[in-house]
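Asker: Assemble the whole structure, with the sequences as input and the hints as a guide.
Number of protein chains: 2
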Amino acid sequence: MVFNLALRRKTLHRIKMFERSYIPIKEGLSKILTHIKPLDKTEVIKIEDAYDRVICEDIYSPEDLPGFDRSTVDGFAVRAEDTYGASETSPQYLKVCGEVFMGMPTNLEISKGQCIKIPTGGMLPTGANAVLMFEDAQVVNEDTIEVLRAVTVYENVILKDEDIKKGEIVIKKGKKLRPQDIGALAGLGITEVKVCAKPIVSIISTGDEIVSPSTKKVLGQVRDINSFTLDGLIRQSGGITKKLGIIKDDYTTLKGVFQSAIKDSDVVLISGGTSAGIKDMTSSIIQEAGNPGILFHGVSVKPGKPLIGAIVNGKPVFGLPGHPAAIFVSFDTFIRPVIEKLISYDNTLLRYKKVRAIMPKNIHSISGRTDFIRVKLTEQDGKLVATPILGKSGLINTLVKADGIVIIEDDALGINAHQEVEVRLFD
Amino acid sequence: MVFNLALRRKTLHRIKMFERSYIPIKEGLSKILTHIKPLDKTEVIKIEDAYDRVICEDIYSPEDLPGFDRSTVDGFAVRAEDTYGASETSPQYLKVCGEVFMGMPTNLEISKGQCIKIPTGGMLPTGANAVLMFEDAQVVNEDTIEVLRAVTVYENVILKDEDIKKGEIVIKKGKKLRPQDIGALAGLGITEVKVCAKPIVSIISTGDEIVSPSTKKVLGQVRDINSFTLDGLIRQSGGITKKLGIIKDDYTTLKGVFQSAIKDSDVVLISGGTSAGIKDMTSSIIQEAGNPGILFHGVSVKPGKPLIGAIVNGKPVFGLPGHPAAIFVSFDTFIRPVIEKLISYDNTLLRYKKVRAIMPKNIHSISGRTDFIRVKLTEQDGKLVATPILGKSGLINTLVKADGIVIIEDDALGINAHQEVEVRLFD
Chain A
5 MVFNLALRRK
15 TLHRIKMFER
25 SYIPIKEGLS
35 KILTHIKPLD
45 KTEVIKIEDA
55 YDRVICEDIY
65 SPEDLPGFDR
75 STVDGFAVRA
85 EDTYGASETS
95 PQYLKVCGEV
105 FMGMPTNLEI
115 SKGQCIKIPT
125 GGMLPTGANA
135 VLMFEDAQVV
145 NEDTIEVLRA
155 VTVYENVILK
165 DEDIKKGEIV
175 IKKGKKLRPQ
185 DIGALAGLGI
195 TEVKVCAKPI
205 VSIISTGDEI
215 VSPSTKKVLG
225 QVRDINSFTL
235 DGLIRQSGGI
245 TKKLGIIKDD
255 YTTLKGVFQS
265 AIKDSDVVLI
275 SGGTSAGIKD
285 MTSSIIQEAG
295 NPGILFHGVS
305 VKPGKPLIGA
315 IVNGKPVFGL
325 PGHPAAIFVS
335 FDTFIRPVIE
345 KLISYDNTLL
355 RYKKVRAIMP
365 KNIHSISGRT
375 DFIRVKLTEQ
385 DGKLVATPIL
395 GKSGLINTLV
405 KADGIVIIED
415 DALGINAHQE
425 VEVRLFD
Chain B
5 MVFNLALRRK
15 TLHRIKMFER
25 SYIPIKEGLS
35 KILTHIKPLD
45 KTEVIKIEDA
55 YDRVICEDIY
65 SPEDLPGFDR
75 STVDGFAVRA
85 EDTYGASETS
95 PQYLKVCGEV
105 FMGMPTNLEI
115 SKGQCIKIPT
125 GGMLPTGANA
135 VLMFEDAQVV
145 NEDTIEVLRA
155 VTVYENVILK
165 DEDIKKGEIV
175 IKKGKKLRPQ
185 DIGALAGLGI
195 TEVKVCAKPI
205 VSIISTGDEI
215 VSPSTKKVLG
225 QVRDINSFTL
235 DGLIRQSGGI
245 TKKLGIIKDD
255 YTTLKGVFQS
265 AIKDSDVVLI
275 SGGTSAGIKD
285 MTSSIIQEAG
295 NPGILFHGVS
305 VKPGKPLIGA
315 IVNGKPVFGL
325 PGHPAAIFVS
335 FDTFIRPVIE
345 KLISYDNTLL
355 RYKKVRAIMP
365 KNIHSISGRT
375 DFIRVKLTEQ
385 DGKLVATPIL
395 GKSGLINTLV
405 KADGIVIIED
415 DALGINAHQE
425 VEVRLFD
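Protein sequences appear in the order of chains A and B.
If you count the first sequence from 1, position 356 lands on 360 in my numbering, and the numbers rise without skipping.
If you count the second sequence from 1, position 40 lands on 44 in my numbering, and the numbers rise without skipping.
Honestly, I wouldn't trust all of these hints.
As the list claims (entries may be wrong) - Mimicking SDA-like on lysine to any residue, the simulated pairs with C-alpha atoms at most 25 Å apart in a straight line are:
#1 LYS387/B to LYS198/A
#2 LYS35/B to ARG340/B
#3 LYS387/B to GLY418/A
#4 LYS198/A to ARG340/B
Source of the hints: derived by calculation from the structure; they are not laboratory data.
Computed from a predicted model, the values in this text were never measured in an experiment.
Answerer: Following this line, the structure appears as structure tokens:
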């Protein structure tokens, strides 16, 4: 009985330890984000270089687009009221009194009973308020057409301010510019825009066992995987990667590299260092470098638990776990949102590619922990199936084989076989 | 009676015209794709530059990864059988006979009753087949530990070929390289890869009304929107844009520019030219330039109907409608798949970002026509709502305001209000 109590106490102590040391994702992220302000560095660049950049000014239209009433079809500019009642069985007759040419202003004017030939995109002449398509007209002779169908006011016409009105807000600050946004800027004659400068994200790789991919390795060493994965993820999120090399597990060296990284970058990532010694070293170097220092050490997520989150002199710092899959999850849940806040990009609603798929087997999880299950997608009988790729978080191949992840939120206990799940696709 | 018959005949004739001239998307695309072979131009580039490129070789692993049995925790390398039956209430005792250091091979060996201290990532010594975590051990003195929990064979160990086996296929030809794929290549010591060269996609802008965005325009002129939108879309799809400028509607000039474009590019796009005259000119220039020439003229899609699809001397050529939204749909349905075939990228299953949303209103469509409805997404009561942005296909602003599109397939007659729909997000 005494023995059992001791055991229970030990177990309770362990559960408490877990609860105390591992922070939920949302709480950890919010602790970091409250310290971060968008960068105030901006660049003015040509619109043709601005694709995928985040704009940091509101764009108001300097003019009406298209700027003049424009035909959307090849046909005849008419007064709609002159066509009312017209049909194939009872056509109306109009006098053709000229032609509009592409790309040129027209001084022509029509009045009752008249029309003017007009091409698609041509400028509507004064007096006209609609365009009758060629297909709905019958040419009687050079001067006269039969109207076979009535048109309504503004039919087949784009009004001078119908696309964009002068003074209207066209693109809002914080938007990542897409091909059509660049197109709209071009259409308005705006050839340069102010975008947020890309944050510099430094990667310090640590670990005495890590060697560069181009180095011949000896037994007991492994090549650097994580700084290459991180580089792609950083660029994908809108940052600039600065690799500071593989630093040996030496306090003074690591401290020096870290302190100059804090000065020269907007975000610092310390990757690797999975052994207890280097973990402690990393923690104390971060903690000593500036305030407020480490905000959490350990996140209630699988994989990715041993993450360190810190703010040093206003700069976000992350001590990343050494395992490739863990790196990926840490990036997704913490570093990407940080980069997006730095570049003032906030579009969580639409950030991820998602598909729905069937989970073919039961997956268990633990309440209070968020699980990131890597899955491979296949199509079976016209339905997507998300097969979990099991494997330890140290395996890069589980990520290479995966098409996306299924997230089991911290309040869920797992997924039942044949349940429909949402798969977040990798970019 | 006679009159009615004539009318019916006229109507029937029109329906036939429609059926004859407008090809369904799938049929049109397949006509083009059967003529296209993947480009045989390749480039060998560094892996750090290969992010988002399509690899054109199968990568087999030159070695096992990690290459040695590795601990995934900080603890003691043990023989699992020596721990069987151990528990907190009845621990086993093991003799500590050394330590493994990070990044170094170890010559240590253990036999029955022995263990060796090992860091995360350390090399498992001969004789050991599992690692006991520090948390599951109690240090009695320098030489002895208590085992508080039994471990199974290979527990807390990654086997030498558990991540990737020598000779295993790691990355297949045709894959677009993601951050984790680059990471895996780095891990295997592969520092360069062969990727498919980017196809050169030339854009010829036509239309006497079109001026460059930097030009001061006069009434009746509009600025070039489409070549800017197309440029972004081309780069997004993996091509290189070559803008050949705005060519005036002159037969000889356009023909000359087109013929040299066919020689120098992998795909040629002729944008604009919406008026009947320039449309005819474009058609005959394409038709005369080489075989088989025009494969279809007009697609049963809204917007984007007036698309011309052609193959000239093996090169795909598209005559694009002039309206911005139409350009977008034509690109999505025809040009993107063509570029993807040229770079040997085939991943239709996962190409699009999709979300499900509620359609707030009825949308009508016509059987036999595919409709692309631009929608804006908002969140209401925790559900996504896809509100259609109505407007003519000539309006760039409908695309700027939209977050994605809802596709009404050609066999559907529309969408009912409050129905759940799939929204394809813009990239």
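Asker: Determine for every hint whether it applies to the structure shown.
Answerer: For each hint, the structure was consulted:
1. LYS387/B to LYS198/A: 34 Å, violated
2. LYS35/B to ARG340/B: The given pair, whose Cα atoms are some 15 Å apart, holds under the 25 Å limit.
3. LYS387/B to GLY418/A: Given pair LYS387/B, GLY418/A holds - Cα atoms ~23 Å apart, limit 25 Å.
4. LYS198/A to ARG340/B: 29 Å, violated
The structure is inconsistent with the numbered hints 1 and 4, although it conforms to all the rest.
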